[in-house]
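Whenever a hint applies, use it, and build me the whole structure from the sequences.
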Amino acid sequence: MGQGVYVNSLERTDDRTRLEYEMVHDVPGVTTHEVSTIVRIVLTVAEEREWEPGTLEAVSRSTDGDRRGTWRVEREWFDQLGDELSELEFSDLVLDTITHAGSKK
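First residue of the sequence shown? That's 1 in full-length UniProt numbering, and the numbers climb one at a time after it.
Heads up, some of the hints might be wrong.
[Stated by the list, open to error] Across the chosen pairs, the derived CB separations fall in these ranges:
| id | residue 1 | residue 2 | range |
| --- | --- | --- | --- |
| 1 | D64 | D14 | 17 to 27 Å |
| 2 | E89 | R18 | 21 to 31 Å |
| 3 | E89 | I41 | 18 to 28 Å |
| 4 | G65 | E89 | 14 to 24 Å |
| 5 | E74 | I41 | 12 to 22 Å |
| 6 | D79 | R18 | 12 to 22 Å |
These are computed hints drawn from the structure, not numbers from a lab.
Note that CB positions come from ideal geometry on N, CA and C, so glycine has one too.
The structure is reproduced here in structure tokens:
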């Protein structure tokens with residue numbers, strides 16, 4: 001993917017995409033930067049290929065394979081982006097889903 005993000009696995013169904021990736025940065029939890037990087041890439045690929053990502057579920061791992069956290073984007077948020085949701089509202093929804101390894105959120 002670039003920018004320090006390496007895809008470990010990608011599983012797609014008609015309504016869901018599950019992405020597992022690792023970050024080369026030595027940061028213990030999911031960062032807003034990595035989330036925004038991946039979302040931008042997914043949106044670019046979706047536009048280029050005329051593809052609907054559906055719900056995106058992401059798992060972030062360290063280069064050692066340790067789980068750093070998870071986050072997601074609901075299908076409805078992708079669908080509403082630019083219409084019912086501004087970019088800021090969309091970002092707030094996505095960032096609110098971040099869970100860090102060991103948290104109970």
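Do the beta carbons of E89 and I41 sit within 18 to 28 Å of each other? At 20 Å between Cβs, range holds.
Evaluate the given range 12 to 22 Å for the C-beta pair formed by E74 and I41. 18 Å, holds
Does the Cβ-Cβ separation between E89 and R18 fall within 21 to 31 Å? 24 Å, holds
Outcome for the supplied range 17 to 27 Å, where the beta carbon pair is D64 and D14: 34 Å, violated
Regarding D79 and R18, is the given constraint of 12 to 22 Å on their beta-carbon distance met? 19 Å, holds
Quick check: does the Cβ-Cβ distance between G65 and E89 fall within 14 to 24 Å? 34 Å, violated
In summary, the numbered hints that this structure violates are 1 and 4.
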